[in-house]
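*Asks:* Chain by chain, the residues:
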Amino acid sequence: RKEVEQDPGPFNVPEGATVAFNCTYSNSASQSFFWYRQDCRKEPKLLMSVYSSGNEDGRFTAQLNRASQYISLLIRDSKLSDSATYLCVVNRVSGGYNKLIFGAGTRLAVHP
Amino acid sequence: DGGITQSPKYLFRKEGQNVTLSCEQNLNHDAMYWYRQDPGQGLRLIYYSQIVNDFQKGDIAEGYSVSREKKESFPLTVTSAQKNPTAFYLCASGALLRPNQPQHFGDGTRLSIL
Chain A
102 RKEVEQDPGP FNVPEGATVA FNCTYSNSAS QSFFWYRQDC RKEPKLLMSV YSSGNEDGRF
162 TAQLNRASQY ISLLIRDSKL SDSATYLCVV NRVSGGYNKL IFGAGTRLAV HP
Chain B
261 DGGITQSPKY LFRKEGQNVT LSCEQNLNHD AMYWYRQDPG QGLRLIYYSQ IVNDFQKGDI
321 AEGYSVSREK KESFPLTVTS AQKNPTAFYL CASGALLRPN QPQHFGDGTR LSIL
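Line order of the protein sequences matches chains A and B. Residues 102 to 213 in the numbering used here are what the first sequence spells out, letter by letter. Residues 261 to 374 in the numbering used here are what the second sequence spells out, letter by letter.
Mixed in with the good hints, there may be bad ones.
Stated by the list, open to error - For each label pair, taking beta carbons as the anchor points, the in silico distance ranges come out as:
| id | chain 1 | residue 1 | chain 2 | residue 2 | range |
| --- | --- | --- | --- | --- | --- |
| 1 | B | N288 | A | D178 | 33 to 39 Å |
| 2 | B | E329 | A | N123 | 40 to 46 Å |
| 3 | B | Q316 | A | N113 | 39 to 45 Å |
| 4 | A | R102 | B | P299 | 33 to 39 Å |
| 5 | A | G155 | B | T339 | 44 to 50 Å |
| 6 | A | N156 | B | L357 | 35 to 41 Å |
| 7 | A | E104 | B | Q316 | 37 to 43 Å |
| 8 | A | E157 | B | G300 | 26 to 32 Å |
Said to hold, decoys possible - DSSO-like mimics (lysine-lysine), calculated; alpha carbons at most 27 Å apart, straight line:
| id | chain 1 | residue 1 | chain 2 | residue 2 |
| --- | --- | --- | --- | --- |
| 9 | B | K317 | A | K146 |
| 10 | A | K103 | B | K330 |
| 11 | B | K317 | B | K330 |
| 12 | B | K274 | B | K317 |
| 13 | A | K180 | B | K331 |
| 14 | A | K146 | A | K103 |
| 15 | A | K143 | A | K103 |
| 16 | B | K343 | A | K180 |
| 17 | A | K143 | B | K274 |
| 18 | A | K146 | B | K269 |
No lab work stands behind these hints: they were computed from the structure. Positions of the beta carbon are idealized from the N, C-alpha and C atoms, including for glycine.
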């Protein structure tokens, strides 16, 4: 079983739709959590950190449930420009360094 | 502007050849990382370094080597021992032992076999 698991996708949604991404992690020692966005053939870019209290950035809302070891990302009012792969990432200190564990990503395609 | 620069963007390797991928950062980060990404898979850690002249193997270090002679630079050599080198290689940097601080990535090098 992978340490970070995401919906395999792809998600195909019309503009204006609300779309939810789910992610689970297996190591309870994970300390911090992020969503990254990766466009086709580009590097991952930080979308947002995820905090225990939940956090929002415009149309994007991230939630963390440490008890269930579950992370989510909600995108409201989808835009064509939101089409990308969304990576769930957890961070823990392992062997004295920050170890990032990446999910395989969920691809989102927003169509007109 | 602060950032991470990787070069080249595209690289072709012949059989039996070693190739070196460059990574330079001006973010004053202590920690630097090399990842490999294969289609449909998450990033996997090759090597990491927390301080000049020190580096550690990640999860898939076989067939790769690195050096960290300067804080700003962390080149990766893909040796002929790496039998399946075709992948997207990403360099990242981050603050040392600051788990709430995300890593920042360069724009990657695509390596292919000739």
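*Asks:* May I ask which of the numbered hints given earlier this structure violates, with the numbers listed in increasing order?
*Replies:* 4, 6, 7, 10, 13 and 16
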